[in-house]
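Student: So the chains spell out like this:
Number of protein chains: 4
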Amino acid sequence: MAYHHRLRVRYGETDQMGVVHHANYLLYMEEARTMWMAELGCPYGELEQRGIGLPVRRTEMRYRSAARYEDELEVEVAIGRLGGASVDFVYTIRRVADGEVCVTGHVDLACVELTAHPRKPRMLPTELREMLERGQG
Amino acid sequence: MAYHHRLRVRYGETDQMGVVHHANYLLYMEEARTMWMAELGCPYGELEQRGIGLPVRRTEMRYRSAARYEDELEVEVAIGRLGGASVDFVYTIRRVADGEVCVTGHVDLACVELTAHPRKPRMLPTELREMLERGQG
Amino acid sequence: MAYHHRLRVRYGETDQMGVVHHANYLLYMEEARTMWMAELGCPYGELEQRGIGLPVRRTEMRYRSAARYEDELEVEVAIGRLGGASVDFVYTIRRVADGEVCVTGHVDLACVELTAHPRKPRMLPTELREMLERGQG
Amino acid sequence: MAYHHRLRVRYGETDQMGVVHHANYLLYMEEARTMWMAELGCPYGELEQRGIGLPVRRTEMRYRSAARYEDELEVEVAIGRLGGASVDFVYTIRRVADGEVCVTGHVDLACVELTAHPRKPRMLPTELREMLERGQG
Numbered sequence: 001m002a003y004h005h006r007l008r009v010r011y012g013e014t015d016q017m018g019v020v021h022h023a024n025y026l027l028y029m030e031e032a033r034t035m036w037m038a039e040l041g042c043p044y045g046e047l048e049q050r051g052i053g054l055p056v057r058r059t060e061m062r063y064r065s066a067a068r069y070e071d072e073l074e075v076e077v078a079i080g081r082l083g084g085a086s087v088d089f090v091y092t093i094r095r096v097a098d099g100e101v102c103v104t105g106h107v108d109l110a111c112v113e114l115t116a117h118p119r120k121p122r123m124l125p126t127e128l129r130e131m132l133e134r135g136q137g
Numbered sequence: 001m002a003y004h005h006r007l008r009v010r011y012g013e014t015d016q017m018g019v020v021h022h023a024n025y026l027l028y029m030e031e032a033r034t035m036w037m038a039e040l041g042c043p044y045g046e047l048e049q050r051g052i053g054l055p056v057r058r059t060e061m062r063y064r065s066a067a068r069y070e071d072e073l074e075v076e077v078a079i080g081r082l083g084g085a086s087v088d089f090v091y092t093i094r095r096v097a098d099g100e101v102c103v104t105g106h107v108d109l110a111c112v113e114l115t116a117h118p119r120k121p122r123m124l125p126t127e128l129r130e131m132l133e134r135g136q137g
Numbered sequence: 001m002a003y004h005h006r007l008r009v010r011y012g013e014t015d016q017m018g019v020v021h022h023a024n025y026l027l028y029m030e031e032a033r034t035m036w037m038a039e040l041g042c043p044y045g046e047l048e049q050r051g052i053g054l055p056v057r058r059t060e061m062r063y064r065s066a067a068r069y070e071d072e073l074e075v076e077v078a079i080g081r082l083g084g085a086s087v088d089f090v091y092t093i094r095r096v097a098d099g100e101v102c103v104t105g106h107v108d109l110a111c112v113e114l115t116a117h118p119r120k121p122r123m124l125p126t127e128l129r130e131m132l133e134r135g136q137g
Numbered sequence: 001m002a003y004h005h006r007l008r009v010r011y012g013e014t015d016q017m018g019v020v021h022h023a024n025y026l027l028y029m030e031e032a033r034t035m036w037m038a039e040l041g042c043p044y045g046e047l048e049q050r051g052i053g054l055p056v057r058r059t060e061m062r063y064r065s066a067a068r069y070e071d072e073l074e075v076e077v078a079i080g081r082l083g084g085a086s087v088d089f090v091y092t093i094r095r096v097a098d099g100e101v102c103v104t105g106h107v108d109l110a111c112v113e114l115t116a117h118p119r120k121p122r123m124l125p126t127e128l129r130e131m132l133e134r135g136q137g
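Residue numbers (this note's numbering), protein chains in the order written: chain A, 1 to 137; chain B, 1 to 137; chain C, 1 to 137; chain D, 1 to 137.
Isolated chain A (complex conformation) (with noise of 0.2 Å):
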């Protein structure tokens, strides 16, 4: 099972190649995930307000076919690996114009006490994980 999120590339999000700079599709991938969170009903903020953050560990990128201004992009995003206290989030973003695939790549979260300093790993709350166990279909 996916979500699909939509949305309109911004001017300032372009460089002066014209096209969307690289570092920005970690923010569209970034928009999607907490959008699908809150819809499944487990809004990203409120685990914060809760000592428990979703760090990102690792992210990987494969630029296909550059996004341009005013562009319309659907990302995709999926559940790939599940683990105890971590999950791996998989992104595919199209232009919706003409169903191009812009890029596609996959974004890794640890689960962590915010509290803590450091911050120390711990286990996904039992509400989450059900909630992305039911959100990997």
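Since the hints were made in silico from the structure, they are not lab data. Some hints could be false.
No distinction is drawn between identical chains; accordingly, a pair holds when it is met within one copy or between any pair of copies.
List time: in silico SDA-like cross-link candidates among lysine to any residue, alpha-carbon distance up to 20 Å [claimed, not checked]:
no., residue 1, residue 2
1, K120, G18
2, K120, G137
3, K120, L27
4, K120, R64
5, K120, E74
6, K120, M131
7, K120, R6
Note that the coordinates shown come from a computational prediction; the quantities given were computed from them, not determined experimentally.
Starting from the structure of chain A, add chains B, C and D where the hints point.
Tutor: Frame of chain A, contents of chains B, C and D only:
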């Protein structure tokens, strides 16, 4: 007359004070104004393809109440002064949940020939001016 | 008296118009002001650790000449008005190569208790005020 | 052989977790690699003026220890694989104060004709290849 554009605050748009970093409101304003232009029938990207640009020449923002991660914001944009070779957009950004005003401001644009080096001021093209007058309406 | 901070434009800070995106000058101003505070003996990070914040309450920028990728810029920052619970910083950003002024502007900060919810205005701490008065020259 | 570039974390580069937002390391890597190219005698801006671009085709980052506001970071960049029409840069980003590794990763670039539509792969120009071989040395 004014245009209303909604967006949701991204995690990467916050800073360590736990609120939207003050520079990002300029991106929200830019998104609202270009969505409006597209809706009025004059997408900014097409203007640039015709060699006409609208670079920013002045911005001013007053920060009234901090927006936070996951807040839905409504950007209200209206046309202020419409000059021969310039146009000023006026903004109010509100949090949708409680109607609180987060930021007010304006962004003034010049009209230039992009193909001249250095870029040269030029009159707003007629159809853009008419479109903006409809928006001002 | 004024402080001068140099930086070089990053590729990712440009947009498809081939120049620095207008929002990024706020980051340059922020970098210059916090470098100055650190040099004067009052790093902003330490202030926050003591529960004192200086959120931005107003910004204004005039764009005079576009900065480009790889340009070395000099950010001149001075202290404008120094209020009981606020301080205004005044900026001129020049291209080093030819001395051309790219942007002028100011950024006004309030002083707040970060630990209060909602954040509460407070007087500038004495040693910060003295440091700023030295900066004001 | 490797190049070392130092920078200081900006406030606006943090997020509400109190650390550098994960996307920003790509900007640090980009800054280090282009500073290196300029120092080796081949500024990236000049390449683009000659119609040659080096768009990113793959990135990978592992986040090991979070960098924070005001941290001085050292970006170590080396050349990995040098192909006929591509070059891979390998990175280690350390906090200067304690030598702790914050992020490791690599960014792979393709070489393209910017003037072709769509952009067309091309061999690395000879003097760029020689410069990169010196860097690899």
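Student: Confirm or reject each hint.
Tutor: Do the hints match the structure? See the list:
1. K120 to G18: Only across copies: K120 and G18 sit 15 Å apart there, 42 Å inside one copy, limit 20 Å.
2. K120 to G137: For K120 and G137, the Cα distance exceeds 20 Å both inside one copy (29 Å) and across copies (40 Å).
3. K120 to L27: neither (25 Å within a copy, 28 Å between copies)
4. K120 to R64: This pair counts as between: shortest inter-copy Cα distance 13 Å, intra-copy 37 Å.
5. K120 to E74: Neither: 34 Å inside a copy, 25 Å across copies.
6. K120 to M131: Close neither inside one copy (22 Å) nor across copies (38 Å); limit 20 Å.
7. K120 to R6: Answer is neither; intra-copy 34 Å and inter-copy 29 Å both fail.
The structure fails hints 2, 3, 5, 6, 7 (numbered hints given earlier, in ascending order).
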